[in-house]
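Fit chain B to the given chain A structure using the hints.
What follows is the residue order along each chain.
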Amino acid sequence: MMLFNEIYSLYYKAVAKAIDSAIKGQLDDKTLRQIIRENAFCESELTIVPAIKEEKWQIICADGTTPIQNTPSIPLTNLEKSWLKAISLDKRIALFGVDFGLGDDVQPLFNQENIKYFDQYTDEDEYDNPEYQKHFKTILKAINDNHHPLQIYMRNPKGQSVRMNVIPRHLEYSHKDDKFRLITSGCAYGAVINLGRIQSCEYYYGRQLNRMADLAPENKCFCMELVDKRNALERVMMHFAHFEKQAEKLGDDRYKITVWYNKEDEGEIIIRILSFGPMVKVTEPCDLVERIKQRLKKQMRYL
Amino acid sequence: MAYTELIKNFERVREYMRQFYLYGFKSREEYGIKSARSYDDDRRRIETWLGEYMGFKSGANGKNVFISIDSRAVKSNPLFKAWKTCSFTDKDITLHFIVLDILKNHPSGITTKDICDVIENDYMCCFDSPLSFDESTVRKKLKEYETQGIVTSRKDGKTVVYTICKDSTKVDADALAFFSESAPCGVIGSFIADKKTANNDNFAFKHHYITQTMDSEILAKLLCAIRDKRNVITINHSPRTENTVSIKSVPLKIFISTQNGRQYVMVYHYDFDRIMSYRLDYITDVELLDECENFDHYRNMLCRMEKHMWGVNATRHEEQLYHVEFTVSFAENEGFIYRRMMREKRCGNVELVGKGLCRFSADVYNEQELVPWIRTFAGRIVKISFTDKELEASFKEDIHSMYQMYCEEGGDNDAV
Chain A
1 MMLFNEIYSL YYKAVAKAID SAIKGQLDDK TLRQIIRENA FCESELTIVP AIKEEKWQII
61 CADGTTPIQN TPSIPLTNLE KSWLKAISLD KRIALFGVDF GLGDDVQPLF NQENIKYFDQ
121 YTDEDEYDNP EYQKHFKTIL KAINDNHHPL QIYMRNPKGQ SVRMNVIPRH LEYSHKDDKF
181 RLITSGCAYG AVINLGRIQS CEYYYGRQLN RMADLAPENK CFCMELVDKR NALERVMMHF
241 AHFEKQAEKL GDDRYKITVW YNKEDEGEII IRILSFGPMV KVTEPCDLVE RIKQRLKKQM
301 RYL
Chain B
1 MAYTELIKNF ERVREYMRQF YLYGFKSREE YGIKSARSYD DDRRRIETWL GEYMGFKSGA
61 NGKNVFISID SRAVKSNPLF KAWKTCSFTD KDITLHFIVL DILKNHPSGI TTKDICDVIE
121 NDYMCCFDSP LSFDESTVRK KLKEYETQGI VTSRKDGKTV VYTICKDSTK VDADALAFFS
181 ESAPCGVIGS FIADKKTANN DNFAFKHHYI TQTMDSEILA KLLCAIRDKR NVITINHSPR
241 TENTVSIKSV PLKIFISTQN GRQYVMVYHY DFDRIMSYRL DYITDVELLD ECENFDHYRN
301 MLCRMEKHMW GVNATRHEEQ LYHVEFTVSF AENEGFIYRR MMREKRCGNV ELVGKGLCRF
361 SADVYNEQEL VPWIRTFAGR IVKISFTDKE LEASFKEDIH SMYQMYCEEG GDNDAV
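Order-wise, the sequence lines are chains A and B. Residue numbering for the first sequence follows our numbering, beginning at 1 and increasing consecutively. Residue numbering for the second sequence follows our numbering, beginning at 1 and increasing consecutively.
Next up, chain A with everything else stripped away, as it sits in the complex (with noise of 0.2 angstroms):
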């Protein structure tokens, strides 16, 4: 079994679209450079390009034809088809409604029993409910439907029902939470749904709704210094891993790290500096700074 395998590589598939592109004799030398910007790397032409031309790869002639007959394709390899029987033992996959007409034959890479997310939390969402079935599904369709209008019922925090009519972008996955949220645009509510929260979910045909009103969270970033004691530099670098960031270096063991971050996840962001402890100080911004001062000075009347 291999992954690093040069029958995945880019050039191979670039290569299969240019041979696909020679095959109904499309292929000049300006369509060539095309293909191999779009599905290969920036300096990919300096290679393919000449390998062509000067015909050491024996597929596409110098004058833009082929020998090759068939639109060029691979069958799904047996790592291919593992990791997909895996992803159909997956609970997420009865999301999709999707049977990808594997055989029994075909052993999973992987099951769910030999897999554990140990520190995910438990209060995921539903995916064996019908209802969220449902709703995910019809979610998904209307985002495919060039993001069909949506009218929602879901429960607020507060417990109440409440409708938004809303333009659906994009799903968002946390692994973390282990939960999925709509990405919105057209409503003045709010721009993120729980999909755990709705009661219904049907598509909208009332008033157009304004498809330019995204409520984009606002961005920020916070800055920490940090002494590499106890291994802190890579625990701290691993944890804010997912985010936009840069390191800089003071000096022996300092190290100056901005992070950029959403608003929104401001109160997510202070536990998770907390539990550095010592290791990590916050130097600005100073709200930020201030909220975790408020928090130390309250622990410091219990202990």
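By construction, these hints were calculated from the structure, which means they are not laboratory data. Quick caveat: nothing in here was measured; it's all calculated off a predicted structure. Just so you know, not all the hints are guaranteed correct.
What the hints assert, rightly or not - In silico lysine-lysine, DSSO-like type, Cα no more than 30 angstroms apart, as pairs:
{"id": "1", "chain 1": "B", "residue 1": "Lys206", "chain 2": "A", "residue 2": "Lys134"}
{"id": "2", "chain 1": "A", "residue 1": "Lys256", "chain 2": "B", "residue 2": "Lys396"}
{"id": "3", "chain 1": "B", "residue 1": "Lys206", "chain 2": "A", "residue 2": "Lys220"}
Just chain B now, kept in the frame of chain A:
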């Protein structure tokens, strides 16, 4: 050797990409590399693969390279591209497209010899300086593809006849887009999406640790070993001590953190006679060995231990447990604190012990593992106790240091 965009060996690039992505403040000199040229070549390659996500800045220690990606804003993991850079020869790529084309034209099968004849007569005739392919080269390629499941063979008398495998798999673009990012070894889903032109951007991912993909090959081999209950030899390299060791063990389960992206394999270690965890990003190779007859026994042992494991620390002596207990306070309108504790308690217990008070308790093998989580309740902890009184004192000392650091002017800067 002249620079090329593709690579033969993934391991070196795996380490550079992790360094650029996780840290991004080291200069060329700080990587401890043997050859400056090979570093420059790898850096240039990664830049061509990741383009917009690569950045450079000049520091006191020279030019630093970093990869900066907000994984919530990208719909497909950009690091997957590294897996699609395997080098090949002129003959490899030529043979690949021609052989598959010939097999498609011969649905009932064709022999190696006939494939060679067709290549020479129908394909190579189009080129001025045709490549030549002998039977053994073609047979080797067919065998390789048979192992991968692309072609199949059957005996027809004394000769072997090859056919291309039928692919009746139905692929759903949405399911592929979702699981490629959220399932283990998701890069394989990305390979499928490339083949089926089934990419879409209907999903985004929060708390998404994309650097895990660099360990996909190691993970895939370990998953196979677990599935087939086989022993393995792993080569483990510690970047901190620079030690490399070879370990014989039987892998039992993969543990993945959704809060820092680390992946571990839980194994039974033969020499140490105990269950241990190893980080996948420290494993550089896995060799699958024979079947382990006692796999179920060790796996059951791990299952029992999981009831007392907060993280990945197991123990040799199952009976040696440590008790951790703390109580937090919350206001009438802060019921979310209790709910938070309930969903984050893992192997612990949570109970309401009074108005606005809830208590967490757990018996675990390693108390230290809980400390970072307990700190997240700072500001609310009214009572705390550990079996290990030194750890309890250290916890309180840390809170005091944080208070000094933030709240007292001229606080102990070294505590940072």
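Hints not upheld, ascending by number: Of the numbered hints given earlier, the structure breaks none, since each of them holds.
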